[in-house]
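J.: Since the structure of chain A is provided, determine the placement of chain B on it from the hints.
The listed protein sequences derive, respectively, from chains A and B.
As numbered in numbering that gives the first Met the number 0, residues 0 to 265 make up the first sequence, in order.
As numbered in numbering that gives the first Met the number 0, residues 0 to 313 make up the second sequence, in order.
Everything labelled a hint here was simulated from the structure, so no lab data went into it.
We put the beta carbon where it would ideally sit given N, CA and C, even for glycine.
It is possible that some hints are incorrect.
What the hints assert, rightly or not - Over 12 angstroms on every C-beta distance to chain A, these chain B residues come out as not near it, computed from the model:
1. Phe59
2. Leu80
3. Asn83
4. Leu95
5. Leu177
6. Ala210
7. Gly215
8. Lys224
What the hints assert, rightly or not - Pairwise CB distance ranges, derived in the manner of DEER restraints:
9. A:Lys150 with B:Phe227: 24 to 30 angstroms
10. A:Lys150 with B:Ile213: 34 to 40 angstroms
11. B:Phe162 with A:Asn45: 29 to 35 angstroms
12. A:Ile91 with B:Ile203: 23 to 29 angstroms
13. B:Phe222 with A:Thr43: 45 to 51 angstroms
14. B:Ser204 with A:Cys7: 24 to 30 angstroms
15. B:Phe74 with A:Cys7: 28 to 34 angstroms
16. A:Leu124 with B:Phe162: 37 to 43 angstroms
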Amino acid sequence: MQRVLHFCMYLVAIIWGIPLIWAIYTAIRPADQATSLKTDFHFTLNNFIEAWQTAPFGQYYINTILIVCGILIVQLITMTLAAYAFARLRFIGGTIAFLIVLIQIMVPVETLIFPNYMILSQFSLVDTKIGIMLPYFASAFGIFLLRQAFKSIPYELEEAARIDGCNLFQILRHVYLPLAKPTYIAFGLVSVSTHWNDFLWPLIVTSSVENRPLTVGLSIFAKSSETGAQWAEVTAATLIVIFPLLLAFFIFQRQFVDSFLKSGIK
Amino acid sequence: MKSNISIQRTTAPIPSPKLKTQRYKRAKVNVQAWLLLLPSLIFLGIFTIYPIIKTIYLSFFHLNLAHHTPEFAGFSNYSELFSNKVFHKVLLNTFLFAIGTVPTSMALGLGMAIFVNKAIKAKGWVRTLFFYPVVIPMIAVANFWLFIYTPNYGLLDKFLHLFGAGAHNWLGDPGKVLPAMMFMMMWKQAGFLMVFYLAGLQNISTELYEAADIDGANAWHKFRKITFPLLMPTTLFVFIISLTNSFKIVDHIVIMTQGGPDNASNLLLYYIYETAFQFLDKGMAATLTVILIVILFVLSVINFISTDRRIHYS
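Bound-form chain A, shown alone (with noise of 0.2 angstroms):
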């Protein structure tokens, strides 16, 4: 029995990698080999090159970093402080406060694209890669984390640092940031991803290559290549558009997946 069930696992894990090994099968195959039915020996890396000529998959890139980090960066910051007055502090109005935090929980910002697309031409940053950002500089799931962290690191601490005279933002960065260190990794991972493939809402909002992520600058590409004889294309600049992220993973996996068990994500 337990011999069957592992052997069913195993068998998961071999079918969970066929999808990605397919692909880059298919990309370093010759273009016009990719419908084939035929198996040969035939490599060349043409495809790549050929998508990253064809589309500014440069320009993608540095958008999709700049608006990653963008987002991250205020995140952290909006979240740390929040999740301090959430974790320490009793005040006036903390229950309407948590209710207005948990709402974002219950509907995310993902289901709202169209009242917050005409919100943002209100504006008038629609197409603006602070337009794609804004929406996701509070997040109450990095709150809710970070909150339950700052709850479980002992009020000693503050109190020691308070009378060696420190203030709010250096006890924040002296005791509370280096103890929370899993839980900003493990959240920095979530968040970094998430918008990393963000896809709906910068299709929306973007309209001009200069603020295109790469996601939507590659469903562009697969788009205007829909016919067979691309898929070789399609699949290696598809391969671009990920290999960072799965660059990094296969690297950090470890730290990866450790830095979740280790922040108290439950």
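T.: Okay, now just chain B, sitting in the frame of chain A:
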């Protein structure tokens, strides 16, 4: 900003030298707390609370290609929607997609976590294979799977040819397209859920299993009586994540089917996107968004209530 906060949750009685300074301190804490919350609340207000109110308001107006300025419509958007066949189909698809992806991904995620938590061969590789789809954008996933599901030349059909099966139009057949997408979604998110289960598993004391071993419990018993009940809080958390995922992830539809064939793969959020940005019917898009918000809201309330009852397990 130098402050001396003495009011917080953990300390016991506050020494009271003078009532006035105490009151001053309390006021200071209030101001400080709201200042700390201000940045988050501004963004939450503008991009979550205000949009919700605005959508509800707009759902009572006609605003589309025929009505360039908002025209009060009462509930007519809603009544129009409830007699709309496409909307029925979309709603049904959305629920089917949730039912088809949430429990399956959760079960698979739990299975993966238990498996990876054991001392097995090639553990690192197995874990990597389970988790890597999580870091790939849905849009890239869609590109990969489009070529897997392509009739005749796609990997799946190539594989089935080996067994003498004919061509299947996985994404072109109304009966197959939704299950095909469900499987893809499972592939994408099971590894993500696995990580949360892994974290949950590591919190279960090994002594419990040792005690069960002494009592002669078998693996199934240990799972049913120890692992599963103690993982209940994780399960609820994971349930929320995968449920909201099933409502908010529609990226693949843009690449793979555009909701087709005949709306067989159209989900609510994609339908909102279509209505707002392709049919340019803003009043209707607002109405659809309200419905999505209501669904999400009701599901969360149900979830909170059930969490309250079952959290005692932890």
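J.: State for each hint whether it applies.
T.: Here is what the structure says about each hint:
1. Phe59: holds (14 angstroms)
2. Leu80: holds (15 angstroms)
3. Asn83: Its Cβ never comes within 12 angstroms of chain A, the nearest being 17 angstroms, so this holds.
4. Leu95: The assertion about leucine 95 (chain B) holds, with a minimum of 18 angstroms to chain A.
5. Leu177: Given a closest Cβ separation of 19 angstroms, the condition holds.
6. Ala210: It holds; alanine 210 (chain B) is separated from chain A by about 21 angstroms at its closest Cβ, greater than 12 angstroms.
7. Gly215: Holds, since 16 angstroms exceeds 12 angstroms.
8. Lys224: With a cut-off of 12 angstroms, lysine 224 (chain B) remains clear of chain A, as the shortest Cβ separation is near 18 angstroms.
9. A:Lys150 with B:Phe227: 24 to 30 angstroms: Holds, at about 27 angstroms.
10. A:Lys150 with B:Ile213: 34 to 40 angstroms: holds (36 angstroms)
11. B:Phe162 with A:Asn45: 29 to 35 angstroms: About 34 angstroms separates the Cβ atoms of phenylalanine 162 (chain B) and asparagine 45 (chain A), which means 29 to 35 angstroms holds.
12. A:Ile91 with B:Ile203: 23 to 29 angstroms: 40 angstroms Cβ-Cβ, so the 23 to 29 angstroms window is violated.
13. B:Phe222 with A:Thr43: 45 to 51 angstroms: holds (50 angstroms)
14. B:Ser204 with A:Cys7: 24 to 30 angstroms: holds (28 angstroms)
15. B:Phe74 with A:Cys7: 28 to 34 angstroms: violated (52 angstroms)
16. A:Leu124 with B:Phe162: 37 to 43 angstroms: violated (54 angstroms)
This entry does not satisfy hints 12, 15, 16, going by the numbered hints stated previously.
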